[in-house]
Each structure stands twice: as C-alpha cells, then as structure tokens.
Amino acid sequence: MTGPDQTGNDQTGSSAASHCRSIVELGPQRVRHLLELTDHMAEVNRRPNPKVPALRSRTVCNIFFEDSTRTRLSFEMAARRLSADTMTFSVGQSSLNKGESLRDTIETLAAMGVDAFVVRHRSSGVPWAISRWTDAAVVNAGDGWHAHPTQALLDCHTLMSELSGSSPRRADLAGIKIAIVGDIKHSRVARSGIAAFEMLGAEVIAVAPRTLIPPHFSTPVTQDLDTILPEIDALYLLRMQSERMSGALVPDLSEYTMRFGLTPERVQRMNDNVVVMHPGPMNRGVEITVDPAELPRSVITKQVTTGIAVRMAVLFELLGSGAAQAAPETSTEVGFESQMEEL
Amino acid sequence: MRPPRKEEMNPTKQVLGPDDVQRAATRMAHEIIERNRGLDDLVVIGIQTGGVWLAELLGSEIARIQHRVPVGSIDASLYRDDIGLRPVSPGAVSAIPSDVNGAVVVLVDDVLFTGRTVRAALDALSDYGRPRVVQLAVMVDRGHRELPIRPDYIGKNLPTSSTETVLVSASGVEISG
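Sequence lines, in order, name chains A and B.
Position 286, counted from 1, in the first sequence is what my numbering calls 1050; the numbers after and before it change by one each time, with no gaps.
Position 28, counted from 1, in the second sequence is what my numbering calls 580; the numbers after and before it change by one each time, with no gaps.
Keep in mind the hints are simulated off the structure, nothing from the lab.
Do not rely on the hints blindly, as some may be mistaken.
Claimed, not checked - One side only, chain B facing chain A, incomplete, derived with CB under 10 angstroms:
{"no.": "1", "residue": "Glu586"}
{"no.": "2", "residue": "Arg632"}
{"no.": "3", "residue": "Gly636"}
Unchecked claim - DMTMM-like, lysine to aspartate or glutamate: derived pairs with alpha carbons at most 20 angstroms apart:
{"no.": "4", "chain 1": "A", "residue 1": "Lys815", "chain 2": "B", "residue 2": "Asp634"}
{"no.": "5", "chain 1": "A", "residue 1": "Lys815", "chain 2": "B", "residue 2": "Asp651"}
{"no.": "6", "chain 1": "A", "residue 1": "Lys815", "chain 2": "B", "residue 2": "Asp633"}
{"no.": "7", "chain 1": "A", "residue 1": "Lys1066", "chain 2": "A", "residue 2": "Asp936"}
In this text, a Cβ means the ideal position worked out from N, Cα and C, and glycines have one as well.
Produce the complete structure using the sequences and hints provided.
Structure follows, in structure tokens:
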C-alpha cells in the first residue's frame, strides 16, 4: 500500500482539500475552520430536534474493515443529523470474501452514487489509495498505526471547550501542557492527537516505556509520569492495545499500571483541575484503575458527544460547504513513508 | 449571509449616512411596537451575519422607547438551498434567547435581495419551535426577489441592478458595481 507523496496530493485529479485523511494534510487553517464548524454542529445537537437538512440527497458510505463501535456509530449519527443517507458496508457479509478486490468494491459502491466514503482499515495509507479510485470524498476513520484525524479534532475541541468553561471556546491551546500516556508507537490516536495539539500551540509530553515510542519521534519523551504530574493541564490516557501487542514490549501489564496507569495514588497527587481524557474503549484496571466518573475533571463522555459534532463538521465541510473547491491547499505529509518503513 | 464586498474598481455611492440609518432604525422600532400593540412575547432575532448588528440596534431602540425585549441571532447556513454550490462560512453560532413557541418573532436582516436567506432562516427558526407570528425587518429592500417573501418593516427601498453590491452597516448604506 503506497502512502501519499511529499506534496500530500495524490496522482489523480482529487486534491487533498476534498478529503479528510490526516491532521498534517488538513493543515492549521482547515483544522481551525473544522473546529469552528464543530461549534455550530454542537449547537444543532443541543436542540430538541437535532437535525438539519444540510446534506439532503447526499450519500455517505461507512466501510469498516476493522472492529469499531463508537466511531462507526458516531459517523452514522453525524451523517443522519445532516440529513444525508447512510450505507454501512459490512466486510463480513461482502463479496470481498468471494475474492473481489478492494478496488473493485470501491468502484462498485462509487457507481451507486456515494458522495463520501468513511474508511477504517488495519493498513496505513488505505484512504489515500481509495481516493485514487474514486471521485468521492474520503474520510479516514483510522488507518493502521497512522492517523485518526476526527479523533484528534474531537480531542482538541473537547479540551478547548473544557478549558474555556462558560466563556466562548478558546481558539488555540497555547500555554497548555498535555501528557499523552501509553502505547504511542502503535497508536494512530496518539499520532494524530500530538499533531493536532502541537498545531494549536500546546506543549505535548509523551509518557511511555521506550519500547512504545516510535522511532524519529520529535515530541519530548519521559518515562516518569510522577515527575510531570504536577505540571500538566491535561492527561491523555491511551488504550493499551492488547490486540496490537506482540509480546515483549511490555513485560507485565501490572507493572505497566504501576508506572503509567492512573491509580488512586496518582489522582491524589494530581492537580484537581487536570483534564483527564481517553479515546475509549477503556481497559479498566490497566491504564486506569479509578472510576473516571469520580475524577474531578474527566471529559471522557464529553469526547464521545463532541465526536458526533466533529464528524458532522467534517462531512459538511467536504460535501456541503463548497470550501474544498474554493480553497485548494498544498500541505505536506512529512515523513509518512519513512515512518512507515521504520514501523 | 451575503458578505457585502467593496469593489475597488467601481465608484462607491453613499445612499444613506449614519444618521439616516439611525433614524430609519428608530422609525422601524416604533412601527414594530405599534404593529404588535405592546411587546408581549416579542423576540428580535438577527440573521447571521449581516442582520445581527441591526437586530441589536432595533432591540436597543425598542428598549429605549418601551421596554427590553430578548434579542438573539440565528445562523441559517445549514438550511440554505445552495449548499455545495458556493463556499459557506457560517458566522457565530445561533443564539436563540428565549422559547420561540407562541412568540412573535421579528427576523432581522441588513439587505433583502432574492429572499433565499430569509427562506433558510424561516426553516432554521421552525426547528426551534412554532412562533405565533414571524415578521421581517430589513434596513434595505433592493428588489429582485426569487421567492414569495415580503418585508414588514423596511428602512429604505433601494432600486438596484442585480449585479450591484449593497453594503449596509451602522455607518451607512453604499452601492457599488
């Protein structure tokens, strides 16, 4: 599977501006615009009738090659709240099992009149490949270890709103110190999250065992969670992904919890106003051993709610706002290919 | 929703000055009070983005003459009929100040042109409830309607050609193009 070239544009007519595939490719301007659109969508979601006609007659197709509950349902709900029609392509019942290639499947679905594909795949780069085969917009809902841009956008929006309290949402994360704890190496959530947080001016520290830090990693790293605990504004816990762990990287999960987990002792020492975040689903007893409901400032449920608004913003920007055509942008996906080789 | 743009190439003609705009707003406020015989259940809602300042101005004039009424704003960009055909940049998030069920809503925009923005705003409004009456106040009616929509309160009737740009603000009304 080939990744994007250094310009971020693939070889077909469709430019990066008509897709949402990674935070780096979106660039700061579109990230900020999407966060502003999210404010509007969140207002729609607060109404008694949370539905607008914006994407009537458009069709959004979810293709999930990897298990997902919340992301798939979140995209589906987002599309419906914009009045788009939705299709879900379940890989288990598909002709892919009869040997149909991914490309043929995409071309078949596109011929039915799909305006946007929402794709999750275990291999990095699949959304870029798909956008070469179709004129439809492509939204990356997670590709391998690479990127998960809508998760990063919802994390940024949730954190900004939480830090702003009742005043209008702050426009950036300047001066905010965020610790991301866990399996950074195998996490697309971490990769996209760090890119977005840093793009908005936050100071990010990765907290993980050396074996779980990717090579060529430019973000500051520490193995000592307790030292930085008093200095941080937000604590982002990653899921320990047992299905991606092929032994040896973490010798013992209970040792991991002792060094990197959010335990009752750490909660005691942590500042009360630290915002606690988690992309879900949580491994209770591994990365978190306290009940998040008892934390003073956990926004884990709010992340899920914001997810719908963010995905509405992304679908509306791609299919409805005309912005994709109006503002073609050249952005760079620096180091994607070298990164993939290393991994 | 139609961002007024100044054309550098063409001469700009001032049609109303700041005092004229202020006087027109005062008169419209009087008309709103007169028409609604007092102000029970009245809500003034400006259409994002151009109608918001005028809604606030009308709200403060009504408050000066009679008493305070709720003033809010509505963003109609998700209800437009030209979605996907042109770039959309929503203004601020809708802020509906009170329950619109059974209320008398005065929708406010700076310029009434094709009527499509007002149509979108009416649809948006109906998602918040069922007002008893909806009235429309505009500073400038420039004609060229494409939908059966008519204003109840008008600052100034301004015959224009459809290619001209009309720029309305508290500091006056200008035509260019």
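Proposed interface contact between glutamate 586/B and chain A, which counts if any beta carbon pair is under 10 angstroms: violated, 33 angstroms
query: Between lysine 815/A and aspartate 651/B, is the straight-line Cα distance small enough, at 20 angstroms or below?
result: holds, 18 angstroms
Interface hint for glycine 636/B, Cβ within 10 angstroms of any Cβ on chain A: holds, 5 angstroms
field: Pair hint lysine 815/A and aspartate 634/B, alpha-carbon separation not exceeding 20 angstroms
entry: Judged against 20 angstroms, a Cα distance of about 18 angstroms means the pair holds.
Given pair status - aspartate 936/A, lysine 1066/A, alpha carbons within 20 angstroms: Holds - the C-alpha atoms of aspartate 936/A and lysine 1066/A are around 19 angstroms apart, at most 20 angstroms.
task: Given the hint that lysine 815/A pairs with aspartate 633/B, test it: the Cα-Cα distance must not exceed 20 angstroms.
output: holds, 16 angstroms
field: Agreement of hint arginine 632/B with chain A interface, Cβ distance less than 10 angstroms
entry: holds, 8 angstroms
Violated hint for the displayed structure: number 1, the only one.
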